[in-house]
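There are 2 protein chains.
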Amino acid sequence: MAKTKAMLLEEIYKLAFTKLVEAGSDEHNASILSTVLRNAERDGSHSHGLFRLPAYLTGLKSGKINGNARATINEITPSFVRVDGKQGLAPTAHNVAVPALVTAAQKTGVAIAAIHRCFHMAALWPEVEAIAEKGLAAIACTNYMPSVAPAGANKAFFGTNPIAFAWPRPGKTPVVYDMATAAMALGDVQVAARDGKKVPEGTGLDSDGQPTIEPSAIVKGGVLLPFGGYKGSGLSMMVELLTAGLTGETFSDETKAQDNADGGPPIGGQFLLAMSPEIIAIDDWQEHCDSFFERISGLPGEGVRLPGERRHKNRLSDAPRKINLELLEKIALF
Amino acid sequence: MAKTKAMLLEEIYKLAFTKLVEAGSDEHNASILSTVLRNAERDGSHSHGLFRLPAYLTGLKSGKINGNARATINEITPSFVRVDGKQGLAPTAHNVAVPALVTAAQKTGVAIAAIHRCFHMAALWPEVEAIAEKGLAAIACTNYMPSVAPAGANKAFFGTNPIAFAWPRPGKTPVVYDMATAAMALGDVQVAARDGKKVPEGTGLDSDGQPTIEPSAIVKGGVLLPFGGYKGSGLSMMVELLTAGLTGETFSDETKAQDNADGGPPIGGQFLLAMSPEIIAIDDWQEHCDSFFERISGLPGEGVRLPGERRHKNRLSDAPRKINLELLEKIALF
Numbered sequence: 054m055a056k057t058k059a060m061l062l063e064e065i066y067k068l069a070f071t072k073l074v075e076a077g078s079d080e081h082n083a084s085i086l087s088t089v090l091r092n093a094e095r096d097g098s099h100s101h102g103l104f105r106l107p108a109y110l111t112g113l114k115s116g117k118i119n120g121n122a123r124a125t126i127n128e129i130t131p132s133f134v135r136v137d138g139k140q141g142l143a144p145t146a147h148n149v150a151v152p153a154l155v156t157a158a159q160k161t162g163v164a165i166a167a168i169h170r171c172f173h174m175a176a177l178w179p180e181v182e183a184i185a186e187k188g189l190a191a192i193a194c195t196n197y198m199p200s201v202a203p204a205g206a207n208k209a210f211f212g213t214n215p216i217a218f219a220w221p222r223p224g225k226t227p228v229v230y231d232m233a234t235a236a237m238a239l240g241d242v243q244v245a246a247r248d249g250k251k252v253p254e255g256t257g258l259d260s261d262g263q264p265t266i267e268p269s270a271i272v273k274g275g276v277l278l279p280f281g282g283y284k285g286s287g288l289s290m291m292v293e294l295l296t297a298g299l300t301g302e303t304f305s306d307e308t309k310a311q312d313n314a315d316g317g318p319p320i321g322g323q324f325l326l327a328m329s330p331e332i333i334a335i336d337d338w339q340e341h342c343d344s345f346f347e348r349i350s351g352l353p354g355e356g357v358r359l360p361g362e363r364r365h366k367n368r369l370s371d372a373p374r375k376i377n378l379e380l381l382e383k384i385a386l387f
Numbered sequence: 054m055a056k057t058k059a060m061l062l063e064e065i066y067k068l069a070f071t072k073l074v075e076a077g078s079d080e081h082n083a084s085i086l087s088t089v090l091r092n093a094e095r096d097g098s099h100s101h102g103l104f105r106l107p108a109y110l111t112g113l114k115s116g117k118i119n120g121n122a123r124a125t126i127n128e129i130t131p132s133f134v135r136v137d138g139k140q141g142l143a144p145t146a147h148n149v150a151v152p153a154l155v156t157a158a159q160k161t162g163v164a165i166a167a168i169h170r171c172f173h174m175a176a177l178w179p180e181v182e183a184i185a186e187k188g189l190a191a192i193a194c195t196n197y198m199p200s201v202a203p204a205g206a207n208k209a210f211f212g213t214n215p216i217a218f219a220w221p222r223p224g225k226t227p228v229v230y231d232m233a234t235a236a237m238a239l240g241d242v243q244v245a246a247r248d249g250k251k252v253p254e255g256t257g258l259d260s261d262g263q264p265t266i267e268p269s270a271i272v273k274g275g276v277l278l279p280f281g282g283y284k285g286s287g288l289s290m291m292v293e294l295l296t297a298g299l300t301g302e303t304f305s306d307e308t309k310a311q312d313n314a315d316g317g318p319p320i321g322g323q324f325l326l327a328m329s330p331e332i333i334a335i336d337d338w339q340e341h342c343d344s345f346f347e348r349i350s351g352l353p354g355e356g357v358r359l360p361g362e363r364r365h366k367n368r369l370s371d372a373p374r375k376i377n378l379e380l381l382e383k384i385a386l387f
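Protein sequences, first through last, are from chains Z and V.
First residue of the first sequence? That's 54 in our numbering, and the numbers climb one at a time after it.
First residue of the second sequence? That's 54 in our numbering, and the numbers climb one at a time after it.
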C-alpha cells in the first residue's frame, strides 16, 4: 500500500487554495477550484481530487490557464447559452453556466450550454449533480487529448471522453454518474501505475499496438481502448462531435496540436444538456421514478447500487481523508 | 446456411403492405410501416426488416395496436413537443413528430420530442437519420420489455434499450448509428438462435443465472447482460429514465405487467433530441467536422468505418435481397 497522510477536508481545501493563489489564480477562482477538489476527496473520488492539483498549478504557472478568468454567457436563444470560459479552468465556467442553463431549461423544458475556451480536468459529476439538485435531468460530456484508439485503429485519437448523467430526486440525493468512454479513465490508469497494480484485459494497447495489462505500458507510449468495443467507440465519437463539432472548440487531436505541452490540462469544449421532467413528463414523475428506483434496488443478485449512492454515503463523514504522501510531496514542490 | 428467397425491394414492400392491411392497418399507416421494413432490408439491417412483420401482424390482429392511429402533437414550449402515438406503431408517430421537432430545433437550437403511447419494434436509426438529413444532430432512445439484467442483478429488468445518434453532413450521407445497450440486440440473439450460431461470452445468462454462449438459452428463460458491464448498465438506466421517467410512459417492467402477452410489440415511450450546429457552433462547423471525419478514417490499423457507411453503401444497390425462407413461410400463415 502506498503511504498516506490523514487530512481534514478543511486542510485539503486550504492546501489547494494556497497553492492555487501562489500559482497565479485569484481568490475567487481559487475558492471555486479548491471546493471542487475538496469535494472529490470528500466523496472518495481520489483520481479527481488533489491528484489533479499539480496539473492545475503547472498550467497556471506556464500561463496557459488564466487564473483570473471570468467566464461570460451569451443567451443566444431561449434554450441555448454559449459560454466563453476565457481560458479559465472548467469549474470557473460552470459557476456561471449552470445557473443560466437551469433558468433556461426551467422555462422551455430543455436547454444546452456549450462551453468553449475552458480547461477541463476535474470530475464531470459536479456539474450534472448541481443541475439535478435544481430538479432537472442533465447530461454532460467533454473531450480531452488523444489517449484512446477508435475501434479499428491502433493510434490515440479520442480523448477519454467522459459522459455524465444525473436524474433529480427532490427531497433525496439525485442519481448521478460519470463514466469515461475509455475502458478506464486515464486518471485511474495513472493511479494504478503509481500503485503498481494491473489493469483488466481490454483496457489498452502498448507502444507496439499489442494488448497489455500493465498500466505503465499504456501510460508510456501506449493507448487506451474504448469500453465495450465498437459501441464505446461510437459513444466516444459522439462526445467529440458534441464537445467540438457542436461547440466550435477543438477536437481532441486538434487540442494536442495546439497545446503548449506543459503537462497542464488542455483547452477544450464542454456540452451540457438540462431537461425538466416537471415540464416534459405527463404524470406524477417523482412517484413514478421513486418506485422504479425501489424496484431496481430490490432485484435478486449481488445487489444493484444506484449510481452516486456510494459517493453520497462517503460525503456524510467528517473524518480525515487519506491522501497519498508522494502526491503531497509533489504538490509541495510547486 | 439458412435457405433464402431473392426478393426485389418493391416485392418486400408489397408483401409487408398487403399483410399489414389484411391485419387491420389502414393504407396510410401500412405505407409508412412497409417503407420502414423495406428500408431496413435495403440497408442490410435484417433483424429489423421483415423479421419484425410477424410481431406487427400479431399486435394488429390482437387489437393491441391501432392500425388506424393518427399521432397528435402538442407544442408545449418553443423547444418541446409532446407526441401521443394513439396506440399506433412508432413509425406512424415519427411521421408527425420528426417534422415538428426539426422545426423547433431549427428555431431554438435544441428541442425534444417525447413520444408516449406508441409501439416501438423497428430499427432506431431511421428517425435520427431523418433529423440529420435536415441539418441537425440527433439522439434517440426507447425502452422495451425486461430482457436485460442490470449490473449486480440476475433478473431481467431493463429493455435492450437502444440509443441512436446521427450527425449531419450536408451534401453527404450523415453519420448514423444505433446500438442496443444490451451486449447484443434481442433481434440479433433471436436470429443467431434461428441460424444455430453461438454468441460471444458476456452476452447473457441462462435460466439458472449462469453465463452462456447459446443464444437459445438466453432467449428461453435466460437474460441478456448490458454491454461493457456497469457502464452499459448505467446507460441503460438512463434510457429507462429518458423514455419512461421523462415521457411519463411505462418503465420496461411496468410495460410487461400491462402487456397482453400476444407476442406483438409492447407499448412504450421514446425520447428524441435534435440539436442545430448551425445555431450552436461558432465556426464553420461543416468544414471543421469534415476534416475530423477524414482524419479518423485515415488512422492506422484495420481501418475505422464511419457509422452508417455500410448501410449507405448497401442502399445503393437495386439487386434483390435474400430473405429467410422460414420467415416468409411464417408470414404467409398470417
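Think of the hints as simulated: they come from the structure by calculation, not from any bench.
Among the clues, some could well be false.
Because identical chains share one entry, a pair is satisfied inside a single copy or across any pair of copies.
To be verified - 20 Å max Cα-Cα, derived SDA-like pairs, lysine to any residue:
id, residue 1, residue 2
1, K383, S370
2, K160, R363
3, K309, R348
4, K139, I266
5, K160, I129
6, K67, A372
7, K187, Q263
8, K160, D315
9, K160, E128
10, K117, R222
11, K250, Q263
12, K208, T57
Structure-based check of all given hints:
no. : hint        : verdict
1   : K383 - S370 : neither (27 Å within a copy, 62 Å between copies)
2   : K160 - R363 : neither (33 Å within a copy, 41 Å between copies)
3   : K309 - R348 : between (45 Å within a copy, 14 Å between copies)
4   : K139 - I266 : neither (39 Å within a copy, 53 Å between copies)
5   : K160 - I129 : both (15 Å within a copy, 11 Å between copies)
6   : K67 - A372  : within (16 Å within a copy, 71 Å between copies)
7   : K187 - Q263 : neither (46 Å within a copy, 42 Å between copies)
8   : K160 - D315 : neither (43 Å within a copy, 42 Å between copies)
9   : K160 - E128 : both (13 Å within a copy, 14 Å between copies)
10  : K117 - R222 : neither (39 Å within a copy, 34 Å between copies)
11  : K250 - Q263 : within (19 Å within a copy, 29 Å between copies)
12  : K208 - T57  : neither (36 Å within a copy, 41 Å between copies)
Hints 1, 2, 4, 7, 8, 10, 12 from the earlier list are contradicted by this structure; the remaining hints agree with it.
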